[in-house]
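One letter stands for each residue in the lines below.
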Amino acid sequence: MSVAPVSKVHIFVHSGRKAELLSALQETGLVHLEEAKFEGVDLRRNAVDASDSDRTLARLKHALDVFADLDETSGLKRLLRPKPELSLKAKAEALGFGHDRVLDELERLESERNALTAGMKGSDREAGFLEPLRDIALPLEAFRGTRTAEVRLIVVPAAEAERLEEMAAESPVWFEVVSRDKRSCRVVAILPRESVEEAEAVLEELGAVPVDLDARVAAAGPGERIGDLLAANRLERGRKASAAEALEADIKAMAVHAPALMSVHDLLMNDREKALADRLLGETEAVSCIEGWVLGADKQRLEKKVSSISDAAQVCFREPLPDEEPPVFLENPPAARPFEIITNLYGLPEKGFLDPTLPLAPFFFIYVGLCVSEAGYGLLVALLSLLYMKFARPRRGAKQFAKLALYLGISNIIFGTLFGGWFGFPVRSLLLIDALKDPIPFLGLSLALGFAQVWFGTLLSMIGGLRNKAYAESIFVKGGWLVLLPSLLLYFVTKHPAAGVAAIVGASGVVFFAAPSRNPFSRFFGGLYSLYGISSYVADTLSYSRILALGLSTGVIAMVVNNLTQTAFLIPVAGWVLAPIIFVGGHLFNLGIGFLGGFVHSMRLQFVEFFTKFYKGGGRPFKPFRLENKYVEFVE
Amino acid sequence: MTLGLLLAISGGALAVILAGIGSAIGVGLAGQAASGVMSEDPGKFGGILLLVALPGTQGIYGFLSGFLVILKLGLISGQVIQPTVPQGWAIFIACMPVAWAGFISAIHQGKVCTAGVYMVAKQPKDSVKPLVMGALVETYAVLGLLATVLLLNGIKLP
Numbered sequence: 017m018s019v020a021p022v023s024k025v026h027i028f029v030h031s032g033r034k035a036e037l038l039s040a041l042q043e044t045g046l047v048h049l050e051e052a053k054f055e056g057v058d059l060r061r062n063a064v065d066a067s068d069s070d071r072t073l074a075r076l077k078h079a080l081d082v083f084a085d086l087d088e089t090s091g092l093k094r095l096l097r098p099k100p101e102l103s104l105k106a107k108a109e110a111l112g113f114g115h116d117r118v119l120d121e122l123e124r125l126e127s128e129r130n131a132l133t134a135g136m137k138g139s140d141r142e143a144g145f146l147e148p149l150r151d152i153a154l155p156l157e158a159f160r161g162t163r164t165a166e167v168r169l170i171v172v173p174a175a176e177a178e179r180l181e182e183m184a185a186e187s188p189v190w191f192e193v194v195s196r197d198k199r200s201c202r203v204v205a206i207l208p209r210e211s212v213e214e215a216e217a218v219l220e221e222l223g224a225v226p227v228d229l230d231a232r233v234a235a236a237g238p239g240e241r242i243g244d245l246l247a248a249n250r251l252e253r254g255r256k257a258s259a260a261e262a263l264e265a266d267i268k269a270m271a272v273h274a275p276a277l278m279s280v281h282d283l284l285m286n287d288r289e290k291a292l293a294d295r296l297l298g299e300t301e302a303v304s305c306i307e308g309w310v311l312g313a314d315k316q317r318l319e320k321k322v323s324s325i326s327d328a329a330q331v332c333f334r335e336p337l338p339d340e341e342p343p344v345f346l347e348n349p350p351a352a353r354p355f356e357i358i359t360n361l362y363g364l365p366e367k368g369f370l371d372p373t374l375p376l377a378p379f380f381f382i383y384v385g386l387c388v389s390e391a392g393y394g395l396l397v398a399l400l401s402l403l404y405m406k407f408a409r410p411r412r413g414a415k416q417f418a419k420l421a422l423y424l425g426i427s428n429i430i431f432g433t434l435f436g437g438w439f440g441f442p443v444r445s446l447l448l449i450d451a452l453k454d455p456i457p458f459l460g461l462s463l464a465l466g467f468a469q470v471w472f473g474t475l476l477s478m479i480g481g482l483r484n485k486a487y488a489e490s491i492f493v494k495g496g497w498l499v500l501l502p503s504l505l506l507y508f509v510t511k512h513p514a515a516g517v518a519a520i521v522g523a524s525g526v527v528f529f530a531a532p533s534r535n536p537f538s539r540f541f542g543g544l545y546s547l548y549g550i551s552s553y554v555a556d557t558l559s560y561s562r563i564l565a566l567g568l569s570t571g572v573i574a575m576v577v578n579n580l581t582q583t584a585f586l587i588p589v590a591g592w593v594l595a596p597i598i599f600v601g602g603h604l605f606n607l608g609i610g611f612l613g614g615f616v617h618s619m620r621l622q623f624v625e626f627f628t629k630f631y632k633g634g635g636r637p638f639k640p641f642r643l644e645n646k647y648v649e650f651v652e
Numbered sequence: 113m114t115l116g117l118l119l120a121i122s123g124g125a126l127a128v129i130l131a132g133i134g135s136a137i138g139v140g141l142a143g144q145a146a147s148g149v150m151s152e153d154p155g156k157f158g159g160i161l162l163l164v165a166l167p168g169t170q171g172i173y174g175f176l177s178g179f180l181v182i183l184k185l186g187l188i189s190g191q192v193i194q195p196t197v198p199q200g201w202a203i204f205i206a207c208m209p210v211a212w213a214g215f216i217s218a219i220h221q222g223k224v225c226t227a228g229v230y231m232v233a234k235q236p237k238d239s240v241k242p243l244v245m246g247a248l249v250e251t252y253a254v255l256g257l258l259a260t261v262l263l264l265n266g267i268k269l270p
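Chains as they are written, first to last, in the working numbering: chain A, 17 to 652; chain B, 113 to 270.
Below, in silico cross-link-like pairs of lysine-lysine (DSS-like), each with a Cα-Cα straight-line distance of 25 Å or less:
id, chain 1, residue 1, chain 2, residue 2
1, A, 93, B, 156
2, A, 415, B, 237
3, A, 419, B, 241
4, B, 241, A, 415
5, A, 77, A, 646
6, B, 241, A, 367
7, B, 234, A, 639
Simulated DEER-style distance windows between Cβ atoms:
id, chain 1, residue 1, chain 2, residue 2, range
8, B, 230, A, 111, 40 to 46 Å
9, B, 230, A, 178, 56 to 62 Å
10, B, 154, A, 312, 40 to 46 Å
11, A, 187, B, 152, 54 to 60 Å
12, A, 446, B, 152, 49 to 55 Å
Chain A regions said to be covered by chain B (calculated; three or more residues, Cβ under 8 Å):
id, stretch
13, 562-574
14, 617-623
Keep in mind that the hints were calculated from the coordinates and are not lab data. Since we're looking at a predicted model, the values are computed, not measured. Beta carbons are placed, not taken as given, at the ideal position from N, Cα and C, and that holds for glycine.
Model the full assembly from the supplied sequences, consistent with the hints where possible.
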């Protein structure tokens, strides 16, 4: 349970071997790089332009996104599929695959397909325009008019159709309604050229709007009608659609290159990182200086690796200076490592503070189990995470998260059996407390756990204080609280005088040492005021009562789901279909909500009630310069 | 139906109604913000979903309390218990903590989660921290639920 010791490392190498050394550092992943600087030495910085590789990476990512969208494997299968492995020895071969050619081809296909899709949309718009006019029997050339008459297509509001007829009878306009819908009529009107103005005035009064057919009329062949245009349009659209489909199939066929592109993406991504790392280096005429941090345990490995690269490289280590804040790397036994996720979420320990991972692990494990208290759900989560670990073979963060989920599943199997049930059905013979019948013992258990954790937090604060040589404060004030809290509780329960005496002893430690001042009055009254801090201990402990409420809520909802399922079975015929859906859907919903609440509230109990006693986050993480991966898994 | 039964049922119904309204408002607030963020970046769905779901728990607490009242009154088993008027009032009042604490806290939790959604939009890696902020508000709904459960448990019906 500790923060691993780290040392500062400087590596000096001849500039000619720099690239090789950086590759080796990246492959071993031991050094957290920092900007190299030496007092009194003017080091030159390398300017690095990564815009080319950024562009290539963006193109690769786009291509892989396109292929992922076309991938028809189900979500669960995809989740359980491991990343393809890539040996670093095969790097040159993987990069020689010719990704540019594939990307160019894919982008060409995509842009052609996009042009076709846009063309199809245009055709649809044109068809939407022509469809209502399909019944015009006149050939398009008729709209050019004659020597004595103009032929126009107009749209008239539907409400004015009758008035149009009346007015047509009085004025020199001939018309025919071609189509009508709720709002408007499309009308072919013939106006004599000699009285066009008069006719236009009449139409304007009706709110008629002319439709522009000029371009289509100009392009029309002899005798061509709107129906013909429409037929040609549909034919054209069909042709575009099948061409687009063929292109889509071509794109799909290119997905065979996806694994090769994945390898290229990850290799180039790491090359880019390596190029960017060059920015951190300091250069003189012939020497490159690399500066960073390395774990104490890794020093020898690093030295060996560097000397294997070149005799012209020198590694120097030194311990961190008092004013330096080295990056933080947590070191825990493998079983506790998944709980580092919780510590990481809050923030890594600041310099001089304990790693809280191991202290929080057992509490977190128990709380999630009690808050969800559903053994059936626990079994599901445990199985799912086991499957994921077996088939998807995750590494690093994902693996730790899967392990955490497995722990929380196991915790639920245990505490769900003892305090809750299996999918809403309690196993009475194994039940320690039936919270639904009598919630008080469960409440007592929650508060007892809370009291234990708050007390433990104070103990850790005392240990931390002793490590930092704040003896008086740690022994008398923290120690005072450690004696006062349990003895006061014991006194209230048993009224035993010895407990009372112990409480007074503890309290006096707090009173006389909590406010260190020369003035005895301000020391005494300041200390007395500090005793008021007991209210925060009480409040913190009471906060753990949420464990009961959350535990009950999952259990009751599971019961409701079972109740609904039973009721659904009473419906004839349909019940047999409906009931399983309600059962599965209801329990899945409850699992989601239950784990969300259980996880978040258990975490809050660590952060707000426990950490505040002894812990301060704010350390920066130890991030070694190493091979990162997104799509493939690198192997030696 | 006696007045006592009517009062008890009203209490259970109010727990479901008020906490449910609160949750609906809270989830509504966060959901709108989430949709706005996802219109820019649909990939954030996973990180945001939990924040939108969080203010929904009050509705569940209310429903759960309502269900406990239903169980207590034997409305499901068919053996309906007829509480006296004071007992009916007692059940009614026992339902109030979860009803009101749920109602108000869900709305405020919705606001906190909305801000959290905006935070995740800018800091996608920190999607858990705003969940903890939301849980701070939810504490009072949980305490309301706890009070209601303990009170209901303490009311002994014939």
